[in-house]
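Participant: These are the residues of each chain, in order.
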Amino acid sequence: MSPRDGDPPEHHTQVGRPEAQLPATQQPSVEIAAGGRNQLRSKQAKTGGWLWFAGCLVCAVVIASPLAVVIASLLHDSGGAWQHLVETRLSSYALNTAILVTGVCALSLALGVVPAWFVARFDFPGRPVLAWALVLPLAVPSYVAAYAVTDLLQFSGPIQTSLRSLTGWTAGEYWFPSARSLGGAIVILASTLYPYVYIASRIAFGGQCAAMSEAGRTLGLSSNGVLIRIALPLARPAIAAATMLVAMETIADFGAVEYCAVDTLTTGVYRAWFGLDSQVAAAQLSTLIVAIAVCLVAVEAVLRRRQRHYNTTSRCARDYRSTIAGWRGVALCAVCVLPVSLGFVIPVSRLVYLTREMPDPEGLGLVLRYGQNSLLLAVASGSIAAGVALVVVCAHRIRRQRASYIAKLVCRFGYALPGPVIAIGVLMLAASIDRWTHSAWRSVDGPLPTHQLGRTLTDLLFAYQSRFSGIAIGIIDGSMRSIGRSLDDSARSLGLSATGVVLRIHAPLVRRALLGGALLVFVDVVKELPATLMLRPFNFDTLAVRVYQLASEERLGEAATAALAIIAVGILPMVLVSREIDRGR
Amino acid sequence: MSIALAITALVSTWLATATSHGDDLEVSVYSARHYDVDRQLYERFTEATGIRVNVVSGKSDELLARLEQEANLSPADLFITVDAGRLYRAEQRGVFQPHDSTTLNARVPDELRHPDDLWIGLTRRARVIVASVDRVEAGVRLSYEDLVRPEWRGRVVIRSSSNIYNQSLVASMIEHAGPEAAEDWSRGLVANLARKPQGGDRDQIRAVAAGEGDVAIVNQYYLAQMMLGSSADREAASQVRVIFPNQDGRGTHVNISGAGLTRHAPNRDNAVRLLEFLLSDEAQRTLAEGTQEYPVVPGVILSPILANWGPFKADLINASMLGANNPEAVRVMDRAGWR
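So the sequence lines, in the order shown, correspond to chains A and B.
By the count of the numbering used here, the first sequence reaches residue 585 at its end, each step adding exactly one.
By the count of the numbering used here, the second sequence reaches residue 924 at its end, each step adding exactly one.
Next up, chain A with everything else stripped away, as it sits in the complex (with noise of 0.2 Å):
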């Protein structure tokens, strides 16, 4: 049987090419093959929502601004360090770099993708469960996660020390695994990271329609084979984004690295930076990640354009799930405990073990302040997230440009910079619009404006949106691309204008995707450390500041209660996630 035999039925699915590569005369052709089915209408449909095209290029300027600053600081002389880093280091940190992203990568994929399948297709034992315990690894922040583990299995950590006085071995003897190591790195960076994964492939085989499988089982193939023929090819781009997710988490992670003694060019922009004291010998190394995010977003956006699908029916009839019981349930099991185990029981368990010795010393009532904190940093940048992602997807959506394709990418790339690039970036922007507005002050003779609270606080919120906004852009935008574009058309036939499209088709049609990409923001800015460290107000810390404070002075232990703290804040959004992508299907 040939692989064609596979794909599914027209009348279901149509593929479509993209726009975005096309000039704009070819454009109504694209319409008819997108299932629309008036030219005329198509014409109408690209016009008006200028507000949108204008707000959308705004936010992109907005956010990719830290990164320019940071970039154009390449023009200054490095005095000799980056000569010196390409002699001694550049060459390990790049290989590290690489070896790790794909490592993680690759295991992120395994630890999420089979998970996602025999939930979405399959009744097991624990399933239930399973299904939305799957996602909490992503409440873990991977350097929590590193030292959780790190602890356990180093040299005088319980395992090697209960194994060594069971069997008498002392130091040298014997082999063991050791978590500070390229390798463990991997593990524990793919374990904490898998989720995004997860949840991507949970949501695209969920969505997926029962009539494809059953015309790939009516024409011989097992279920492993629709898994392989259809599900995955159908899931592919959601799949390729959310890797690509993990991809630059990896790249920008400077504490679990640190953790696990492996030198990445995140690590050694630290070292150029405050080591070699050479701020522009670390930007070079920032715009070597940068052109490396480049190169990710772009794959993946070609990823993206050679497939896309639109259910044209919006009612298709979901996929069954099928019971596995006996030993082959329990096996089922037992593959999707293995990464809940990885990412989240054990480094939660020794971390209660930890408190439970030595709880922190300020005791509850701070960590509860700090939690607010936290709390207040994580909303409001969940809220703004999924905000200035539907302006940016929406924008595109409606005038289809090459300015507006080009805004949506680049809003991405602050994902895989190390938080303290875009910090600095923000801090230099900052500086220059408080001298400026000062001298605008004095030259009207009045008094000093002292806002310096409200300005660090929409420092710290802007970092944020320059680094994680790319992931609400990418979860609405790959929403949207489910959506077929006659629904666009008919609405404007109607009369309905360009904001009124965005407001009252698309961003019910995508709410649940606008929620998700809020959330999962919210997760990322209550683990966030660097930029909160270095923008925050006086007297302002948050949870993930608290770790650093007692994890700095090597306090481990005491630093677990507020580390248990962030995951408990993290926890609740990752819940709701989850009964999302059940309620989805």
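A portion of the hints provided could be inaccurate.
Label-pair ranges, simulated between beta-carbon atoms [as the list claims (entries may be wrong)]:
1. L658/B with V352/A: 44 to 50 Å
2. P158/A with V725/B: 27 to 33 Å
3. R738/B with G183/A: 24 to 30 Å
4. H438/A with G834/B: 39 to 45 Å
5. V575/A with P889/B: 47 to 53 Å
6. V622/B with S349/A: 52 to 58 Å
7. V345/A with G834/B: 48 to 54 Å
8. Q372/A with G724/B: 53 to 59 Å
9. G895/B with V352/A: 36 to 42 Å
10. A291/A with V718/B: 49 to 55 Å
11. Q372/A with E722/B: 26 to 32 Å
Keep in mind that the hints were calculated from the coordinates and are not lab data.
Note that the Cβ used here is the ideal one computed from N, Cα and C, for glycine as well.
With the hints as your guide, set chain B onto chain A.
Facilitator: This is chain B only, laid out in the frame that chain A set:
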């Protein structure tokens, strides 16, 4: 809608509690010291003087970057950091102004403050050798240089060269013996390591206690804090003993944490008062007790643990040189392959 209302309410109550009060009874601090005892001292200062203390704590270099970017509009009055190398860096960037307080200068020995009053030490810390009680004989005298001899092959543990404490140690060697000697020493040390540099100073102590290495180079207060810590930490600390290196030569490498008055300090007088408070006998004793560091003011009582370890000869190198040699030290360690 109700969510939006709740958020608005949350934000407004929070803004009301957190905004500054607009009078001049305050002092603002950027601090790279994260100790809980620091915060307790600030509270005591507020009780005594009525001056509120605003704090942003963070990583030294990042706070310095913030201070530089904010320039003349910075709200910060004091910059507090650990390691002389960082004080030097801040001084070089021109973010400090002289405090001109004779009270302060009378309390702190010359080598622990800037000659032109640009910064002043708050606490001292010694970078000592920690040795296994089982595998290193008692009473042995060691120097940093001894640890690169062949008999220590595979027995030394130390953290990464990214750490400023190691950078300052190598910077002091560059000052005493030149960059070539410092690079030879670094190479020798790397050759003698029991494992790839990893973890923090406490992890090195734990590694020695567990037998992964026999000696470690760490800051003394980590060991003292472990002696007061969880049961596992106390157990590990009991497996090791402290050796003050180079007692027959230049003395043990000593570093400081310190503070400088910022160039554009809006509350200059309050900041000097806070510094005077932090260098009072009472505050110095609280600092030493709280973090197990050494006080900078002579005659202040040490914590019981440090008193028990006894007096030692400290390397009296000018603290500024640690900063001046820092970039060279990083390059030396990079070339030596010290991760």
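Participant: Give a verdict on every hint.
Facilitator: Okay, the hints, checked on the actual structure:
For L658/B and V352/A, the hinted distance range of 44 to 50 Å is satisfied, since their beta carbons lie about 45 Å from each other. Taking the beta carbon of each, P158/A and V725/B are about 32 Å apart, inside 27 to 33 Å as hinted. Checking the proposed 24 to 30 Å range against R738/B and G183/A shows it holds: the Cβ atoms sit about 27 Å from each other. A C-beta distance of roughly 54 Å is found between H438/A and G834/B, which places it outside the suggested range of 39 to 45 Å.
Checked against the hint of 47 to 53 Å, the pair V575/A and P889/B passes, with Cβ atoms roughly 49 Å apart. A beta carbon spacing of about 31 Å between V622/B and S349/A contradicts the range 52 to 58 Å that was offered as a hint. Remark: the range hint 48 to 54 Å for V345/A to G834/B is upheld by a beta-carbon distance near 53 Å. For Q372/A paired with G724/B, a C-beta distance near 54 Å keeps the hint of 53 to 59 Å intact.
Checked against the hint of 36 to 42 Å, the C-beta distance between G895/B and V352/A comes to roughly 41 Å, which is consistent with it. As the Cβ distance of A291/A to V718/B is approximately 53 Å, the hint placing it in 49 to 55 Å holds. In this structure, Q372/A and E722/B break the distance hint of 26 to 32 Å, their C-beta atoms being roughly 55 Å apart.
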